[in-house]
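Asks: Each chain, letter by letter, is given below.
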Amino acid sequence: MTGGTASGPADNVIEVRGLITRFGTHTVHDGLDLDVRRGEILGIVGGSGTGKSVLLRAIVGLLQPQGGTIRVFGKTVGDLSVDDRQMLERRWGVMFQDGALFSALTVCENVEVPLRVVPDLGDALRVALARLKISMAGLPWTANDKYPSDLSGGMRKRAGLARALALDPEIVFLDEPTAGLDPIGADAFDRLIVELRDSLELTVVLVTHDLDTLHACCDRIAVLAEKKVLTTGTMADMMQVDHPWVHEYFHGPRAHAAMQSGRRKE
Amino acid sequence: MPATSTPSHSLTVATEAEALVLAGALTVWTIDKLPAVSDRQTRVELSGVDLLDTAGAWYLACQRQAGAELQGLAEAQARLVDVVAAALPVPEPAPLVAAGLRAFLDRTGRNVVDIFRNLAELAEYVGRFIASIVRALRHPSEFSLTSLVHHCEETGIKALPVVTLMAFLIGIVLAFQGAAQLRSFGAEIFVVDLISISILRELGILLTAIVVAGRTASALTASIGAMKMQEEIDAMRTLGLDPDMVLILPRVLALVLMLPVLGLIADVAGLVGGALMSWVELGISPAMFTTRLVAETSVDNVIVGLSKAPVFAVVIGIIGCRAGMQVQNDAESLGTMTSSSVVQAIFAVIVIDALFSIFFAEVGL
Chain E
1 MTGGTASGPA DNVIEVRGLI TRFGTHTVHD GLDLDVRRGE ILGIVGGSGT GKSVLLRAIV
61 GLLQPQGGTI RVFGKTVGDL SVDDRQMLER RWGVMFQDGA LFSALTVCEN VEVPLRVVPD
121 LGDALRVALA RLKISMAGLP WTANDKYPSD LSGGMRKRAG LARALALDPE IVFLDEPTAG
181 LDPIGADAFD RLIVELRDSL ELTVVLVTHD LDTLHACCDR IAVLAEKKVL TTGTMADMMQ
241 VDHPWVHEYF HGPRAHAAMQ SGRRKE
Chain P
1 MPATSTPSHS LTVATEAEAL VLAGALTVWT IDKLPAVSDR QTRVELSGVD LLDTAGAWYL
61 ACQRQAGAEL QGLAEAQARL VDVVAAALPV PEPAPLVAAG LRAFLDRTGR NVVDIFRNLA
121 ELAEYVGRFI ASIVRALRHP SEFSLTSLVH HCEETGIKAL PVVTLMAFLI GIVLAFQGAA
181 QLRSFGAEIF VVDLISISIL RELGILLTAI VVAGRTASAL TASIGAMKMQ EEIDAMRTLG
241 LDPDMVLILP RVLALVLMLP VLGLIADVAG LVGGALMSWV ELGISPAMFT TRLVAETSVD
301 NVIVGLSKAP VFAVVIGIIG CRAGMQVQND AESLGTMTSS SVVQAIFAVI VIDALFSIFF
361 AEVGL
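Chains as they are written, first to last, in the working numbering: chain E, 1 to 266; chain P, 1 to 365.
Do not take every clue at face value.
To be verified - Residues on chain E that point at chain P, a partial pick, calculated with CB under 7 Å:
{"no.": "1", "residue": "20"}
{"no.": "2", "residue": "103"}
{"no.": "3", "residue": "105"}
{"no.": "4", "residue": "132"}
{"no.": "5", "residue": "136"}
{"no.": "6", "residue": "199"}
To be verified - If you want a taste of the chain E side facing chain P, the calculated C-beta under 7 Å gives, among others:
{"no.": "7", "residue": "104"}
{"no.": "8", "residue": "120"}
{"no.": "9", "residue": "127"}
{"no.": "10", "residue": "129"}
{"no.": "11", "residue": "141"}
For the record, the hints were derived by calculation from the structure and aren't laboratory data. Just so it is clear, the structure is predicted and the values come from calculations on it, not from any experiment. Ideal Cβ positions, reconstructed from N, Cα and C, are used throughout, including at glycine.
The shape of chain E in the complex, shown without the other chains (with noise of 0.2 Å):
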């Protein structure tokens, strides 16, 4: 969106404080903290299981921490009135691991699900914005008026991220947005993110393994890793960090040829 939004305090629009989840007996978060900062693209990397999609479906509300607080936009989320947190989630868009597209829909009235809100609005009018979001995720026309079933895993995940850009939120959660996809499908994923995101100004949280997609559009990383974000800053950053988990993440055989394809993109 562009022209002037009313700011959090500072510049961050996330703020998550001394978060704790748990499931049963398993802590997954203990004072956990966070901060994005408006228009970053930051990445949530960790071990499986250190919770990186729990951190994010605590955010957006979908689980209610045992502890904490989580401010979005300045408003804490989870003491909300109903408008007010239908406003909030107006501001943000998400996109789930598989696309999590509905079914029963075309990939067009997927993308149209959000965009009937909004009062008198015209049934063509819709359309033509739905497919224009379908277009510029990068999709085909054809695709339009296909089922969810009839795409593969990478053009799912192009029209659940449509579906999540459809009302111009200013912040997109995207879960592991390239697991799944080949190299050449995951970069272009990787340049679309950079791409919407100089474009619509979105601020960007992304949960991801591939150190790729760190390399090519993250602007800072925070780790997860002993229940808590061990540590946040750009790349050059986490090469410093001598924790054994970071250390062995960010100089393995992985990251080294990640890194040189990354310099050569340069």
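Chain P: place on chain E using the hints.
Replies: Quick look at chain P alone, frame taken from chain E:
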């Protein structure tokens, strides 16, 4: 959607000579206030626009495409319009669709072909079931007895309460209705013949088959369909396991074994219900009921009734399994196939029962 939860964006639209002057928020919330894109405007004045989103940018990109000149856009806004203009979807011609009578004929033809294809596929699955029985006889080690016993419990033992109660109540209803009619002729004792023949020959097994069709066909479709969705069936094939042997054979065989047993229990429960009601309503003692039953009702009735059970069982099992195998990759098809397998199974049971009636009448049983 309550009006309070929509953002308060305001847009002012003014038309001057050949120019459209817009000011305020040009977003998806205000886009309906804009005039339709036409080639009358040659200039769009936008210096007053302070909020622009992709919907607004789409409108501006369309205006520009129609020949209008955009003026006064901030740099970031102009960039957004360029990005949107580059992504404007290019329509591709839709495939030709038949309409009216042709569409009707087209649909009817497809449905008829589908029916025959379905029947052919059912025949195929019956064949595969028989082939897997033969294979199991030749290679007994490939057959899983544990699985068979498990499915016998699922489809047989667990269906016992509902089948017994249903047959018992049917017996009561028959005795009650029969008593009301036969009493006016003073022919109360014939209520025994009414109950025994109708239950043993038709109702016991038919209603049991219908209950099992509803209960088991849906369960078979849902369980096999869920496996199909998770690619478990493909995984089995790659591991050298034959889905016919592993999935279909134990399930259908369990039904073939259990349905006659359920039918027999339903017969007994129906007779008990009938005897009880005859005693209460007509004063026919259980002893008299038994004597009359043994003397007047041929055991042929039971044989005729129960001989249909294995056929019903195969049909229910095959329809349920086939529908499960046809589930596609989405959750909706699982639901559609589950409900269609129940409808098909019940319909098939009734049609086959009618065919059996004609057959037995011709044979003279």
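Asks: With chain P as the partner, please determine if residue 20 of chain E meets the hint condition of a C-beta pair closer than 7 Å.
Replies: violated, 30 Å
Asks: Does residue 141 of chain E pass the interface check with chain P, least Cβ-Cβ distance below 7 Å?
Replies: Result: holds, 5 Å to nearest chain P Cβ.
Asks: Does residue 129 of chain E meet its interface restraint, that is, does its C-beta lie within less than 7 Å of any C-beta in chain P?
Replies: holds, 5 Å
Asks: Per the CB criterion, is residue 105 of chain E less than 7 Å away from chain P?
Replies: Cβ of residue 105 of chain E sits 10 Å from chain P, so the hint is violated.
Asks: Minimum Cβ distance from residue 199 of chain E to chain P below 7 Å?
Replies: Check passed: Cβ of residue 199 of chain E comes within 4 Å of chain P, closer than 7 Å.
Asks: Holds or violated: is there a CB of chain P closer than 7 Å to the CB of residue 132 of chain E?
Replies: Given a least distance of 5 Å, the restraint on residue 132 of chain E holds.
Asks: Can residue 136 of chain E be said to touch chain P, with a Cβ gap under 7 Å?
Replies: holds, 4 Å
Asks: Against chain P, with CB atoms and a cut of 7 Å, does the hint on residue 127 of chain E hold up?
Replies: With Cβ-Cβ at 11 Å, over 7 Å, it is violated.
Asks: Under 7 Å, Cβ to Cβ, is where residue 103 of chain E needs to be relative to chain P, so tell me if that hint holds or is violated.
Replies: Because about 4 Å separates residue 103 of chain E from the closest Cβ in chain P, which is inside the 7 Å limit, the hint holds.
Asks: Quick check on residue 104 of chain E please, does its C-beta sit within 7 Å of some C-beta on chain P?
Replies: Holds. Min distance 5 Å.
Asks: Was the hint right that residue 120 of chain E lines chain P, CB cutoff 7 Å?
Replies: holds, 4 Å
Violated hints for the displayed structure, listed by number in ascending order: 1, 3, 9.
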